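From first to last, the protein sequence lines stand for chains A and B. Position in the first sequence (first residue = 1) + 55 = our numbering. Position in the second sequence (first residue = 1) + 14 = our numbering.
These are calculated hints, taken from the structure and not from any lab test. Bear in mind that the values here come from a model prediction, so they are computed numbers and not experimental data. Treat each hint with caution, since some may be false.
[To be verified] Below, a list of computed lysine-lysine pairs in the DSS-like style, where the Cα atoms sit at most 30 Å apart:
1) B:K164 x B:K143
2) A:K122 x B:K124
3) A:K196 x A:K161
4) A:K104 x B:K143
5) B:K435 x A:K96
6) A:K142 x B:K206
7) B:K124 x B:K93
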Amino acid sequence: MIGMELRDKVTEYVKERILALRVSNPGQYQNVSVVRTNLMKYIPNYFEKAQLSKMFFLFPDPHFKEKNHRRRVISPFLLDEYAYVIKPGGIIYTITDVEELGEWMKSCLENHPMFESLTEEELEADPVVKLLSCATEEGQKVSRNGGQTFKAVFRRVVLKD
Amino acid sequence: MEDDEPMNTTEDNNREALETEVAPALISVHPAHHSVAVAVGCELRVFDLRESGPVTLGAKSKEVFHHKESIRAIRYGAKGKIFLSAGDDKVVKIWATDSWRCLCSVATEKKVSAVAISDNGQFVCYADKFGTVWVVELDEAIENQASVQKKGSPLLSHYCSIVTSLEFSPDGQFIITADRDFKIRVTVFPKKPLNGAHEIQSYCLGHTEFVSCLAFVYSQDCPQGYLVSGSGDATVRLWDFASGLLLHTCDVGSQVGNKEANGTENNHFVVTDLCTTSDGSSVFVAVQSLPGIFLLSSDFSAKTLTVIRVVSIIEEDFIPTSLGTSLTSDFLWMVMGVSSVARVRVITGLTKHTSEESGDNHYNVLEDNQVPCGEQLLEHLQGSLSIDKDVFSAAAEAVKTSMRNLLIKKQYSSERRELRKRGRNDKKGKR
Numbered sequence: 056m057i058g059m060e061l062r063d064k065v066t067e068y069v070k071e072r073i074l075a076l077r078v079s080n081p082g083q084y085q086n087v088s089v090v091r092t093n094l095m096k097y098i099p100n101y102f103e104k105a106q107l108s109k110m111f112f113l114f115p116d117p118h119f120k121e122k123n124h125r126r127r128v129i130s131p132f133l134l135d136e137y138a139y140v141i142k143p144g145g146i147i148y149t150i151t152d153v154e155e156l157g158e159w160m161k162s163c164l165e166n167h168p169m170f171e172s173l174t175e176e177e178l179e180a181d182p183v184v185k186l187l188s189c190a191t192e193e194g195q196k197v198s199r200n201g202g203q204t205f206k207a208v209f210r211r212v213v214l215k216d
Numbered sequence: 015m016e017d018d019e020p021m022n023t024t025e026d027n028n029r030e031a032l033e034t035e036v037a038p039a040l041i042s043v044h045p046a047h048h049s050v051a052v053a054v055g056c057e058l059r060v061f062d063l064r065e066s067g068p069v070t071l072g073a074k075s076k077e078v079f080h081h082k083e084s085i086r087a088i089r090y091g092a093k094g095k096i097f098l099s100a101g102d103d104k105v106v107k108i109w110a111t112d113s114w115r116c117l118c119s120v121a122t123e124k125k126v127s128a129v130a131i132s133d134n135g136q137f138v139c140y141a142d143k144f145g146t147v148w149v150v151e152l153d154e155a156i157e158n159q160a161s162v163q164k165k166g167s168p169l170l171s172h173y174c175s176i177v178t179s180l181e182f183s184p185d186g187q188f189i190i191t192a193d194r195d196f197k198i199r200v201t202v203f204p205k206k207p208l209n210g211a212h213e214i215q216s217y218c219l220g221h222t223e224f225v226s227c228l229a230f231v232y233s234q235d236c237p238q239g240y241l242v243s244g245s246g247d248a249t250v251r252l253w254d255f256a257s258g259l260l261l262h263t264c265d266v267g268s269q270v271g272n273k274e275a276n277g278t279e280n281n282h283f284v285v286t287d288l289c290t291t292s293d294g295s296s297v298f299v300a301v302q303s304l305p306g307i308f309l310l311s312s313d314f315s316a317k318t319l320t321v322i323r324v325v326s327i328i329e330e331d332f333i334p335t336s337l338g339t340s341l342t343s344d345f346l347w348m349v350m351g352v353s354s355v356a357r358v359r360v361i362t363g364l365t366k367h368t369s370e371e372s373g374d375n376h377y378n379v380l381e382d383n384q385v386p387c388g389e390q391l392l393e394h395l396q397g398s399l400s401i402d403k404d405v406f407s408a409a410a411e412a413v414k415t416s417m418r419n420l421l422i423k424k425q426y427s428s429e430r431r432e433l434r435k436r437g438r439n440d441k442k443g444k445r
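This is chain B alone, in the form it adopts within the complex:
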């Protein structure tokens, strides 16, 4: 899509730089539903669902443990014992989820875009915006030590491409990385990852825009499972990741047109997040410009993904930026927000759906007082109970723009390209 706009001024460049600084709110749920964590800007807010109270991070220590800049990735791992947070301040923080003490800080060279933990909690991996994935080893005794500083070793790299998502396969044999150049790489996770992960198993190629999120569907009958990916091309795809074979493409973008959506340009139906249930039967999809979520059904024998329904949340134009669910319960947690504003909503009953599209609406979008731990939880995670509608829409727009600027390659007209080339300062001497 070529533009013939006037040449970029310094002001435009600064504005664009500021826009990419805006970080969408993130949510992550403890696998056994012990707690919920929300990252809003540089703040990390955690609510303990068992104690029904907010968590004060690193409370027992006098040290400051908070991130200084926007958090870009959070997740629970190692069966819920560990929590990771990382982002623009170039630090990965590793937390113990029982005491919420910061066990370890890893200083990174570049801003972090994604994090993952191996299932046994032994290895923490993080990806930076230059495309390199690093690994840190956690030893058994880490919980008993005072807060430790560690340094990562390079594991693998996507050449000059932002790694948007990082996931371990269900059996832990592979590590999957997705980038903004439409590629998904499946690499064997070796026994000694500190020496690098050199053996590439396959590539899952097929998306026509940046890949934004990855998840797995697996079941008792199909333990290795399949990979599910969401992309800026408005599709969700199902892959046999060991061979790189594309099994099915689900075009959610075309579905949005039929429902109550307010996006008019077709490149706005970017898939922003994916979440799967532990039995591998359902996939929840968040799409830009859609207030609500898609519910997809995954069929292991037919190897397909089908849209079952759209769950709309129109009364307050809630477009989730991040989704989370635990392994055990059937609550789908969603957050929408940016910088300092966040709104949390919860849906239940989604896993009880039947496969007939015309079936009863088993799902239930919970009201504020029905949410687990009610308004106390919302007040802590959101910062306040009520959010201004205008602040909301501005926030939604900011997130859309920043994602586009970050992940979609700009197309310049040939004149602008020549002008930009002339401004380069890394020219080789005449050969």
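Next up, chain A with everything else stripped away, as it sits in the complex:
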């Protein structure tokens, strides 16, 4: 599992946390790391076609201004690239505490021909879905403040003609 982050300071923080976990749990957390990069530009440089089984977008920057909407990490165009690196059957998980962004991400995924929504049963059965809101520090902060979260979980499907 690899974290891809644009900001230097956040990357450093995550790196420190991972190293600390490896020290306190010897032999574990060897399959987790982080890299400082602009994923939105360079994703094909890191991954081959259909390499990934899951992608997580957790509390991304909302970019409220209309002119910055194209910089959102989930967009109709970037979904083409994520569809390229995720294998058919692979899953994208998104969560946010900003309602407008939640609506946006859901609608981008719904309108993209290479992603389809998971059913309610599938969401229930997937253990990861519950972790989205409580397993990260940002998620815990949101629930402490009594905020609402908005999830969109979609599966990568083969394009039908």
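Using the hints, position chain B against chain A.
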């Protein structure tokens, strides 16, 4: 390459902004050699090779059809029936090449950096400087309608990156886009492109600088062909584009050092344009700082590109900014210029080369009176017959600087970066 210069003043910023406005001259040749078009600044000049006379664009109509700002992309397409021009005035103009009537104008949101047409002439694609590629559908009856306004639909996008080149694969199955972040993307061109091109076939990754130009080499035996790309890293690469595999890298930059070139810094041997012959055997390459062109030979079975020779044009320091050739003839047309100044030269005999490097010079750099339609053509396309040498060198320098400013990402020292961050006005509130 980090600088410790003093902080950028507003003057510097303005000067840089002006420098990127400078557009290199472009040339495009009708596939059956019926006409030649040159774009110089905002002017489009076309010469009819069959009638041996200059073309007046949109002559029969009273409307003004000229571009108001620099033209950045021109090309013939749909087997020569259609001509496209687009650029900084945010309009793509679609012309009929028999009447030179402007069939259609497409208003774009951003300045256009590249254009392409599908082989059947049904779809026109254009790329803007924000990295988005748009598509417009042309219907069959367009030639009979009065001039139409159309709007493009988004096709695909390279995130926040200028798309420098746009090409359809020879069989029309794929659309290839190249950007300034060293990437080339191969996308399936769908049956209904107005709904977007979502299925990415592959990426051709390998260049270490911006990709400036794309072309294809294909033949009867190899109809799908290979992709050829030129870049700011001074290489020309050969790709199996369906898989994204890099087949061969031809380092033209290192070759320039051996020939008569006047560039001293190694980042000046940027490949500015590529042109291929219709039988897929040769690739012509224009390189910044080289007065002349490279002739590369492509070998389909070995999957390689090799430099056969350099054709130098030293007597007037002619460094082409754009190349063009038709499908049928063996004339290589070249133009050098910027803003209002242009110089056209022609080379023949290049396709008759043999593969031995030491063979006779079959090629011939034509004198002005030997060029098809002679001096009349040159006078129309260049604006005048003789160009001042100093104006020329200044023009060459301006083009080099503007390309560098546009396409090469600036490296700032950490102090300047911090200062620039402080000046931002889109900060998020404290989380």
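Which numbered hints does this structure break? none
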